[in-house]
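**Student:** Those protein sequence lines, which keep their order, are chains A and B.
Counting from 3, one number per residue, gives the positions in the first sequence under the working numbering.
Counting from 1143, one number per residue, gives the positions in the second sequence under the working numbering.
Because the hints were derived from the structure by calculation, they are not lab data.
Hints may be right or wrong, so weigh each one.
Taking beta-carbon pairs under 7 Å as the criterion, some of the chain B residues facing chain A (in silico) [said to hold, decoys possible]:
{"id": "1", "residue": "N1184"}
{"id": "2", "residue": "S1198"}
{"id": "3", "residue": "E1200"}
{"id": "4", "residue": "L1202"}
{"id": "5", "residue": "G1203"}
{"id": "6", "residue": "T1206"}
{"id": "7", "residue": "F1207"}
Over the 10 Å line for every Cβ pair with chain A, so calculated as not near, a few chain B residues [claimed, not checked]:
{"id": "8", "residue": "T1197"}
{"id": "9", "residue": "A1268"}
{"id": "10", "residue": "D1303"}
In this text, a Cβ means the ideal position worked out from N, Cα and C, and glycines have one as well.
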Amino acid sequence: MTDTKSGTEPEAAVPVDPNVVSVTLNGRAIEAQKGELVIAAAQRHGVYIPRFCYHERMSSVGMCRMCICEVDTGRGPQLTPTCMVAVAPNMVIDTESEMTKNVQQGILELLLANHPLDCPVCDKGGECPLQDQAFSHGPGESRYIEEKRHFEKPIPISDLVYLDRERCILCDRCTRFADEVAGDALISFTSRGNETHITTFPDEPFSSYFSGNTVQICPVGALTAKPYRFKARPWDLAQQESTCTTCSVGCRIVIDSSRDEVLRYMGVDSEPVNHGWLCDRGRFNFESTKSADRVLQPLVREHDELHEVSWNEALAAAASIIEEAKAAGGAAGVAVIGGARGTNEDAYAWARLAHEVIGTPNVYSQMGDGLPADLLRLDRATIDETASATTIVLLAPDLKEELPVLYLRLREAAEKKRSRIIEFTPKQTGLTRHAWRSISYEPGSQVAAVNEALADAEIAAQLAKGDVVVVFGRANLAETITASVQALHRLLAAAPGTKLLPAFRRGNSVGALQVGLRPGAGGLDTRGVLQAAADGKIDCLVLVGADPLADFPDTELARRGLAGARRTIAVDTFLTGSSARADVVLPACAFGEKDGTTTNLEGRVSNVVRQVSPAGNTRPDWMIASGLATALGSDLGYANVGEITLDIAINVPGFDHVTSAALAASADGVLSGTPTAIWPVTLLEGTAPERNSYDLRLVISRTLYDQAVGTATSPSLAHLPRGSAVHLHPLDLARVGTADGVEVKVRSARATIVLPVVADASVVRGTAWLPWNNPGPNPGELIDCFAAVNDVRIENL
Amino acid sequence: MSRLNDANEVLAKEIIGRYPKARSATIPLLHVAQQQNGYITNEAIAHIAELVGATSAEVLGTCTFYEMFKMQPVGKYLINICTTMSCALLGAEQLVQHAEQHLGIKAGGTTPDGLFTLERAECQAACTEAPCLQANYRYRYRVTPAQLDQFLDDLADGRLDAEIPPHGVVARVRQSIPVDRGVGAVAPDEVHEAPAWMSLGEKS
Ligand code: SF4
Ligand code: SF4
Ligand code: FES
Ligand code: FES
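The shape of chain B in the complex, shown without the other chains (with noise of 0.2 Å):
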């Protein structure tokens, strides 16, 4: 639960090849350790210094730049309430309040059954749909107290599974690239012809 699993390991391998450099994986290793235990332990940190030859001390600064990482446990849904300038005009404080006695925490706490965690964050670049939230990074515009009420029902109930994976699943893309996709640290001056996978979707 602590290091990179034995499965995450060969994946940070092959993440690592797809750069000239190995410290230019470290974020993408942080956001798998992330996907893993749903925070950064300090472990996964020690384990990715070692992947990527720095020392942990580096890697730590790297990580605690962000502020999408977490090095604290998490809940399974991160509510973010837009507390900047358009969403408070709005009412972004009422909705944070109203979110606080719904859940019965305070902003930056956790439920006691780890569903969620709720933060005042700043402007998430959708002013003009304001007041708006983020859970897990996935948008809800104009939200009233009753809009909040019955997403955060939703989601507590698994109604919204398929559309909002739980904390530290980045994107439910595919990690792993097909070898006949040629994709891959290349020196430039290596390059003769275009990558595969350029012409891989033209005939189809």
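Just chain A, same shape as in the assembly (with noise of 0.2 Å):
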């Protein structure tokens, strides 16, 4: 036993900050923090303890047993698991001794009394926890001869994750994860003893948004998911950190590929963004990049048909249409909408050839889906600042739909009790549970509402405590954002100093709008776009990844500008349904098949990055706007994505500091400033009309799954939307005199479409909830995108 008075300093010399703890690990004397588990603080120390069932993004179970120690708190050494236990003052910890590592091969060889070894034909072989620490800790033998537990081998417990249960060491990682963090407790263990196994409630699998974590968290190879099932060995992977661009909270990821061929992603534990986490969306979404449908080679019109034909040949006939279009029209008959799903170099090569070589002020990124884009001039709070203030506002849509990593973020700040959730919202969402107050608006109201709640005194009480954050977003595609923006401003007037976090959809929303991908002088948003060009006023419409048939929320202004306007180049990378009617279509990258820089909601920038070959002929989009550029007989300049990263720092305000060489050197990529200038939004006028009381308000919002094009382009996701149907209060479904499952009409001025009906709780009475984009009818037919509000009347067949 090592002797540890001689090996620390005399008592006066100890430091007197209350939060540093004096403990002796190994002989060494070393400080933790005060209320550190011994574990952590081992392992800050380079010290790591064996273990399974710790995971120090969870609360600590002491379910496995591995990381027992030798501890000695002044009543002799004694056998410690060490992740239940906090460091204390003069507390000598050895996780070397005779008796700790006797221990430690004790637990090994009890884990593995029941377990299959079947490491060979087992997908976690190779990263395996349990394979490495019985390696490293292991008795390399067994005496257990007799007959071990057996179970069905694998079992669905959900459409993307497998069980089996022979191999389970009941960690209570997986079933932790699924109650404390995902807030879904739909695993659980079940019986006792030796019979103790993880199942789901027959009947209610484990379909939570976030169940792929799971499968990276678990210490054995018990949890695999469906997509990567024997694709690899761990050893043959190729690995690059890079970020999730399918949402714009932006979670780090690590892609693995093997030949060339993506394979998965694997959440990276940023402090600042996902904590490690990832939604199954971003996770598994992966399988589209390889997808059959992708568009390989450039393709022209001809005859009414898409040719394959070569870049060069693609390249001219795009030229020739923007040079025809500009001498008919003048550069205002161009018109280039989309742009905010690639990087930032993307999007400033596409802003500088639209701008710059086109000459068209009419360029933007946001599908009239999105948000005023000078809301990014007021004071923005980060991720970390929302999920840490005293009071978080939500004038939002449901984040867990969305933004689902964001709202993990948020329940947690609300169940550690850190924060208080005031939300306003048309439908209850994911985070109503976790509010402290639920205020629910009919469309249109929301000022009224926003009033009302600040005349009451506890709220006020609570909104007068400061460090407020308000998370704002488009809660509903069915209305403008005016009343919406006329609330927060309200709430802004009501608490100064709150801070704004956009909730921003679109991967690279916040980039896209910061480099330049926004209306120039007298330029014509998304909106403003299309309705010029099914006017007739456009003669060349762009679309830079853009569908407005699937994203633009009215349909029918959409089917019309994309008739309208005379010719269309589009650069997607698969024929949906806007592109495939493009007259020339050029074929790009995607994700994980270019580098460059990606910009969240918050405006931190990070890197992703090239980790297989482009698919067949395909480019990312900087290199088709230089090769447009060029073929217009002009010049970006651009070589390379790292000389347009640096011709951003120079030239973009806000962008100064985020240089490669920044970007390089931190983890958690870098924050951009505010903009300096930005586009002046002008809102559409008009207050709500009342509402009939025959009609109901339409509420149309997004579901995590949807036809968007990666998830229906990755084969284990695609058969996950829930199907379009309109959703009704149950008493309001009563008044209609309908049922459960029925299907009805529901008419707008617009238009009518049929679909079956669902009681939903959720639902604000007065109001009728359709998910947006589906399989089924299109309820993008119903809206009226300058109507202030769509109502609908709901009519049995």
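Given two chains presented individually in distinct reference frames, assemble the corresponding complex, making use of the accompanying hints.
**Tutor:** Encoded structure:
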């Protein structure tokens, strides 16, 4: 046993910092933090204590006993699970004693007693903590010769996850994650003693939006993900860190590939962003990259059919369309929409092409479903600031559906009682049950709802405590943003100093707006462009990864706009409803096939990497912009993507410190600054009219799984959208005189669609909710995007 | 026959009212479900989950942790013969075989008439009275094969109805507590005097 007294400094020299606890670790004096668990303190000081159940992002449970070490708190060395005990002054920890080793070997022998040892056919083999720790801390032999317990080999516990109960070591990580982190306690330990195993309830699968995380944190091969099963061995994988751009949270990921094929994404624990978690949509939509439906060659329309051509021919065809359009109606006859899904570099090259080379002011990266660009001028909060604010006000869509990992961060803030959530919403959301106050409103009455809340003494007192962050987003696609923005300003006026987290949805919305994919002087936004096109005023419409038919809320206007534009050029990874109608299709690289940077909703810039070769003859968007500039007789002057990153740093306000070197130096990305100028947004006038008592007010919002291209072309996700339906409050359903599941007519001033009705208590009375872009009749047909609100009538067939 | 019936739902809500947190009522409600159906159905679990605000998976986990909650139908009389050490030494295994012959089933099975389920059990904490058994958790001590025959016949013929209720009936105590007893969920800092029931008995 080490003599602890002689190794430590005399008492007087001990620092008086009350948060520092001096302990002895393997004979060495170390300083731990007050409240720190022994296992964590040891790790910070370079001593790794083996573990299975302990996970730094979840509470300790002491299930596996693997972390037991000898710890002396003054009563002599005691065998102590170090994940359950916090450091105490003068504690002596020995992770290497004979006794400790003996116990670790014993625990491993016990854990392996029932383990099938089928490593050769196990996906985890090669990256398995059980395998690794059996090797480093195990006895090497087992005395157990009896029959092991047997279970049916892997059973699906959800559409995406399989469970092999023979391999499970009952560490409680998956179940703790499901309950504590995701709030979906759909898996649980059942039975007791030797019979204990994980199950779901019959007919209630583990259909959590976050189920993939359990596969990542399972310390054995008990949980495997359908899209990765038997695809590769870990030692054959090439890996690079990148950033998910599926939504604007921008979770940090590792892309694993083998033989030039992306095989999976894993979450990286980024302290300011995702804490290691990913949503299943972001995790599994890598399948889309290798979809057989990708557009792989440039296409040009001849005799009403798209034909494969060379890049030179396609770029020349696109250039001549643009030149003809300019000759016919001037540069403003060309419009460029989209670009919020690419990198900052893609967006910057396209912004320069549009504004400088073509010279049109009609450029916009949002699809009419976004937020006013000038919100970026307000005092912006980071995700961390939001998740630690005293009060979080939500004037936002259901974050669980749209920005899933932000939902996890805010849920945690509420669960840990760090923050109180005040929610204003036209439909109950995933955060409603965690909200301190959830205030539902009928679209159009946001300002009244906010005023009423501000008049409530308790709410006013809560806001008066300061440190307020408003998460602001598009809660309803079937109304203009006007009423919500007015409500926001009312809040900002009532609680000065409030910060804003803008809940943009698409991966790089913020980056695209900041680097320049926004209208020039007198230019039109997407709604304006589509209206102008419908009126025959757009001779060339350029769609940069934009699919107005799927994304623009007013489907009729989208359709008229696409039909009215004389010629269309599309840059896309797939032939979508919109790009399939183009005259020229320029095939673009998908995520994972190109390098660059992306900007998340808080303005954090982080890198995205090329991990596999571009499919077919595809090119990154920036290179397409460059090629098109050249074909137009100009030159953007970029030979590689790094030059654009540098150009952005030089030219874009707020990005001056966002250099390749700064990005390389910071694992968590670099926060960009506030833009000095951004397109001033004019909100549509109009107050919501009174609702006729026979009508219901329309609420349309997104679900995590819909028919978005990345989901629809990922076989593991494609069947997950629940389908188009109209959801009514049960009392409204009774009033209509119909029953759950029956088909009804939904009639707006625009159109009538027929679809099943669902009784749904999360819908506000007097409103009708429909999910956006789900399989089935398209609710976009009901929306007039110029109307302050849209009302519908439900009729029996 | 599956979810809690109306009367039991009312009872369930009253039981939930006794706890500061609804979830704490999970086990009492499982007893109510078992009392109603003789065993716990999946539908009852889902119903209890709704009532206490948990997921069905969580209630299932709690339920299956306890040996005394049965997830399959069992006979009207559940016969548990202890086969742990003391009882084993004094002939428990022969007793099990005898019971198997008498009932015409193997341990773990239920008679076709639904009257008896026979199980081997772990120590019932009556080792000094070995071999012992329980019928619906009511003891019989130092049981001989002849006594076992008599006991099973008595049960079958209803002669022990007064002592041994059908399986699932946990106790013949009332479930609802009269209001004047002042029992219920009270936060500790709201307690200013001894609860009413403490003084009720004093006068009589
Ligand atoms: S399935 Fe994996 S994570 Fe879940 S308890 Fe078993 S070993 Fe732990
Ligand atoms: S929350 Fe958004 S960024 Fe994170 S994994 Fe999901 S889709 Fe990707
Ligand atoms: S890691 Fe400490 S008990 Fe499992
Ligand atoms: S061994 Fe049978 S009661 Fe204890």
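**Student:** Now tell me if each hint is right for this structure.
**Tutor:** A quick look at each hint next to the structure:
With 7 Å as the threshold, the beta carbon of B:N1184 comes within range of chain A, its nearest partner Cβ sitting at about 6 Å, so the hint holds. A hinted interface residue such as B:S1198 counts as satisfied when its beta carbon comes closer than 7 Å to some beta carbon of chain A; here the least separation is about 4 Å, so the hint holds. Annotation: interface hint on B:E1200 holds; nearest CB of chain A at approximately 5 Å, less than 7 Å. Because the closest C-beta pair between B:L1202 and chain A is about 5 Å apart, less than 7 Å, the hint holds.
Taking 7 Å as the C-beta contact cut-off toward chain A, the hint placing B:G1203 at the interface holds, the least distance being around 4 Å. Below 7 Å, beta-carbon pairs count as interface contacts, and B:T1206 has one with chain A at about 4 Å; its hint therefore holds. Interface hint at B:F1207: satisfied, since its Cβ lies 5 Å from the closest Cβ of chain A, which is below the 7 Å cut-off. The beta carbon of B:T1197 is not kept farther than 10 Å from every beta carbon of chain A, the shortest such distance being approximately 5 Å.
B:A1268, annotated as away from the interface, keeps every beta carbon of chain A farther than 10 Å; the closest lies near 22 Å. Under the 10 Å C-beta cut-off, the non-interface status given to B:D1303 relative to chain A holds; the minimum distance is some 32 Å.
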